[in-house]
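Trainee: Chain residues, written in single-letter form:
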Amino acid sequence: MKFCGPKLSLCGIIISIWGIIQLVAMGFFYYIRSVALIEDLNLGEELVTNVKEFYTLADKKYSLNAYNCWIAACLYIFTLVVSGHQFYMNNRNTMSL
Amino acid sequence: MGSLFRSEEMALCQLFLQSEAAYACVSELGELGLVQFRDLNPDVNAFQRKFVSEVRRCDEMERKLRYLEKEIKKDEIPMLDTGENPEAPQPREMIDLEATFEKLENELREVNHNAEALKRNFLELTELKHILRKTQVFFDEQEGGLHPTESMTRALISDDSIARQVNAGPVQLGFVAGVILRERIPAFERMLWRACRGNVFLRQAEIETPLEDPSTGDQVHKSVFIIFFQGDQLKSRVRKICEGFRATLYPCPEAPSQRREMAMGVMTRIEDLNTVLGQTQDHRHRVLVAAAKNIKNWFIKVVKIKAIYHTLNLFNLDVTQKCLIAECWVPLLDIETIQLALRRGTERSGSSVPPILNRMDTFEDPPTYNRTNKFTSAFQNLVDAYGIASYREINPTPYTIISFPFLFAVMFGDLGHGLLMFLFAAFLVLREKPLAAKKTDNEVWNIFFSGRYIILLMGLFSMYTGLIYNDIFSKSLNLFGSHWHTNYNESTILTNKNLQLNPSESLDYDQNPYPVGLDPVWQLALNKIVFLNAYKMKISIIIGVLHMLGGVSLSLYNYRYFKDRLSIICDFIPQVIFLVFLFFYMVLLMFIKWVSYAPQNDFPKSPACAPSILITFINMVLFKKADPLKNCDTVYMFAGQRVLQKFLVFIALLCVPIMLLAKPIYIMRQQKDKHVQLVNGHATTENGDAEGAGRVVQPPQPHAGGHDENEIGELFIHQGIHTIEYVLGSVSHTASYLRLWALSLAHAQLSEVLWSMVMSKGLILDSWIGGVWLWFVFGFWAILTVGILVLMEGLSAFLHTLRLHWVEFQSKFYKGLGYAFTPFSFEVILNTAATAVEE
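Going down the list, the protein sequences come from chains R and Z. Just so we're aligned: 17 in the UniProt record's numbering is position 17 of the first sequence, and the numbers increase by one with no gaps anywhere. Just so we're aligned: 768 in the UniProt record's numbering is position 768 of the second sequence, and the numbers increase by one with no gaps anywhere.
Hints were generated in silico from the structure; no laboratory data involved. Every value quoted in this text rests on a predicted model; they were computed, and no experiment measured them. Please note that the accuracy of each hint is not assured.
As the list claims (entries may be wrong) - Simulated crosslink set (DSS-like; lysine-lysine; CA at most 27 Å straight-line):
1) Z:433 / Z:74
2) Z:433 / R:7
3) Z:322 / Z:50
4) Z:497 / Z:761
5) R:7 / Z:438
6) Z:439 / Z:74
7) Z:296 / Z:438
8) Z:296 / Z:103
9) Z:593 / Z:672
10) Z:438 / R:2
11) Z:605 / Z:593
12) Z:70 / Z:296
13) Z:70 / Z:438
14) R:7 / Z:439
15) Z:593 / Z:630
16) Z:293 / Z:374
17) R:52 / Z:497
18) Z:322 / R:7
19) Z:50 / R:61
20) Z:293 / Z:439
21) Z:74 / Z:374
22) Z:761 / R:60
23) Z:674 / Z:646
24) Z:563 / Z:593
25) R:60 / Z:74
26) Z:74 / Z:103
27) Z:293 / Z:73
28) R:61 / Z:761
Claimed, not checked - Anything over 12 Å on all C-beta distances counts as not near chain Z; from chain R, calculated:
29) 1
30) 2
31) 3
32) 34
33) 56
34) 59
35) 60
36) 69
37) 76
38) 84
39) 85
40) 88
In this text, a Cβ means the ideal position worked out from N, Cα and C, and glycines have one as well.
The task is simple: from the sequences and hints, build the whole structure.
Mentor: Here it is in structure tokens:
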């Protein structure tokens, strides 16, 4: 069964590989609480009144984002498999021609 | 060993070839591809040359091959491309080839002709079959009546006329049946109506299946029609109209039994024809498959033969008609190889007299030949696109190989984007052979492929500068641990929005810099851009001045090579002094500023007192005095700076008139001296030989003198333009290098915007749905990153780098007035032939 052309499937493979590598790395950096990524945390507008509160909130968001990155990475593994399969189908078709 | 620093030394050679051996020798030289032949009979037109008939025969063979190829492509038979390169065949083999092609072509033409005739026949029969079938329907529709045409009569002729003619028996109605193109039906119908005043009756039915036109091979839709009429006059009129509309008429018997019989006959004939057609197609296919195996090989052979005869046409015949004389440019280093190839050619042709390669002296400028390999050729192309180097001039390519990717990377500094670029180029480089074999006519792909080594180096250098700028997709890497620390307590942080870190406090700052590149703390700082601008602007100017100085120093090698001592003294030295005393001094000021002002220092060496380099430089050139800032004693960075600056500017400005006038004045004086000597010499000889009777005294040449004056004037103008260009150029080119900073800033900002506007949006959802959302957003972000940041920004940085090299760097030493060496090479000829065929 084939539903992507050769170019789209190749594009899918490349983005998937890139996505897996970058998202796993980003997940890891969120997991170790990288300060460089703090700008991308959704810390909300509500004022934190003391440091402890801030730390718990940031901690929660850091782990959440880490897991989200890994979920996206897993989705990209799935995408990789699908586009790889499509790529294989396309190639096999062109071979037989 | 040839080097890339200068073009090869070339020699003009005369080549004497035995007429029998000439063909084989030229063929060997074509395989070698190191010789550029000159046309020795430029005033003879193409039809009067010696080997015209051979060239014509080759053209004829090419035409036949192209015909064959077209037929092969029509049948979609794969052509075998073994990639082998057969040698140019002997002239006597040409006859064999010609015979083969002739036979193939004739066979194919005959087969095609037969196939066409058969197809036409087939078409006619099919049309007849359809007519019989459709008309059957028309006739069947007529209910009752003894005669099939009787009901028609009733429809066509009013009742009273029937009544009148009732005694004369049933009216004899004629009809014609035929086939016409479907789109012509409306016009046809109207025409019939008008021409016959409505006295004919037309029925038509569409043929559902499209029919093949035998001459063009197109599929056409047609309709069957049948026209009833009365009388011969109408009949001839109808026939004429049918003819005019190119309808084909077929005889259609009136009686149903006859029609049935005819239909049966037509069916059997169609079946017979089908078998014959199938056999014809099979035969054609066999012929073409056999030809497809060899056609590439034949093409190469014919192209080579043709190229050889074209080259032989450039040669001169000597008086005895025994040998051909050629003139050619050859690289000096390859003379041995060429001799060897010539000897091989002689042996192959069985001639006993060896060819003679004779070096000639010439005043002509030889062509420029830079020996390149697959790595350097891309860079050489960048330089050649500006202008082919003059003969034996310094070739900028070896310097470009490093400076080009470096300047690119300064503008494109991002570890992530550089990595993407590097991986793409690495893929191209690693899979070079299979990709090169897979010839594609995709222009963009070919540009990337031929520039793969440039892209590889650009990617690699961008990764380096990205590391220095500490930028990876606009984020920073904290590889070694930041050297800045916060020591504010909880309440300060909670109550203040912006806080400063003091570099003079050892608690805040470690007092030694981050080991490699920018401290990652800057990514979170609000004054990041202010800091980076100062840093990158200075870096750009430093790189630019060094780049220009490099260019000026290269001109020294040119002058020394061409033994132009005058230019060294009058051009090179003042140029260097001008550049060093003004602009390199500014670079030194930057380093002094970096070194001597530190945060712990007290006034007047505190950073608050550090003067702006640009203002200092402007004041220096304008001899203007500036007021010191508060608490700072002076605007100068070191003692004696004011005097030194005045001295530097004075000397630099002094260089301008030297550049402008020294060289022309010197040449003018030299010429005057020569003239005086000449006149004096004349005078003495004249005096000495005064008694010699009948001695013809040469009149002084007024023409030559006028010419000299012209030349001097030209020299002044030329030198003036050159000097103005250099002096103004130094200023504007230095400023022009600021594009390094501007593009780098733009790139960093754009990638930051892309991250915060796209990627951040994927990270704000508060549940696991965020993962799915991130999956989508990341894909979008990745596509934008490649499309905008890597491709578009990369292209813009590439173009700016190209400009920096062509204008700012090469204007300092490069003339680029040469012409390229275009050797006679089968490889080049075959490649151009291949691309021409693809187009």
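Trainee: Work down the list of hints and note, for each, if the structure agrees.
Mentor: These are the hints, each one checked on the structure:
no., hint, result
1, Z:433 / Z:74, "violated (30 Å)"
2, Z:433 / R:7, "holds (22 Å)"
3, Z:322 / Z:50, "holds (14 Å)"
4, Z:497 / Z:761, "holds (24 Å)"
5, R:7 / Z:438, "holds (17 Å)"
6, Z:439 / Z:74, "holds (21 Å)"
7, Z:296 / Z:438, "holds (16 Å)"
8, Z:296 / Z:103, "holds (18 Å)"
9, Z:593 / Z:672, "violated (53 Å)"
10, Z:438 / R:2, "holds (25 Å)"
11, Z:605 / Z:593, "holds (10 Å)"
12, Z:70 / Z:296, "holds (13 Å)"
13, Z:70 / Z:438, "holds (21 Å)"
14, R:7 / Z:439, "holds (18 Å)"
15, Z:593 / Z:630, "holds (18 Å)"
16, Z:293 / Z:374, "violated (32 Å)"
17, R:52 / Z:497, "holds (18 Å)"
18, Z:322 / R:7, "violated (62 Å)"
19, Z:50 / R:61, "violated (87 Å)"
20, Z:293 / Z:439, "holds (19 Å)"
21, Z:74 / Z:374, "violated (37 Å)"
22, Z:761 / R:60, "holds (18 Å)"
23, Z:674 / Z:646, "violated (41 Å)"
24, Z:563 / Z:593, "violated (42 Å)"
25, R:60 / Z:74, "violated (68 Å)"
26, Z:74 / Z:103, "holds (20 Å)"
27, Z:293 / Z:73, "holds (13 Å)"
28, R:61 / Z:761, "holds (14 Å)"
29, 1, "holds (22 Å)"
30, 2, "holds (21 Å)"
31, 3, "holds (17 Å)"
32, 34, "violated (8 Å)"
33, 56, "holds (15 Å)"
34, 59, "holds (14 Å)"
35, 60, "violated (9 Å)"
36, 69, "violated (7 Å)"
37, 76, "violated (7 Å)"
38, 84, "holds (16 Å)"
39, 85, "holds (18 Å)"
40, 88, "holds (18 Å)"
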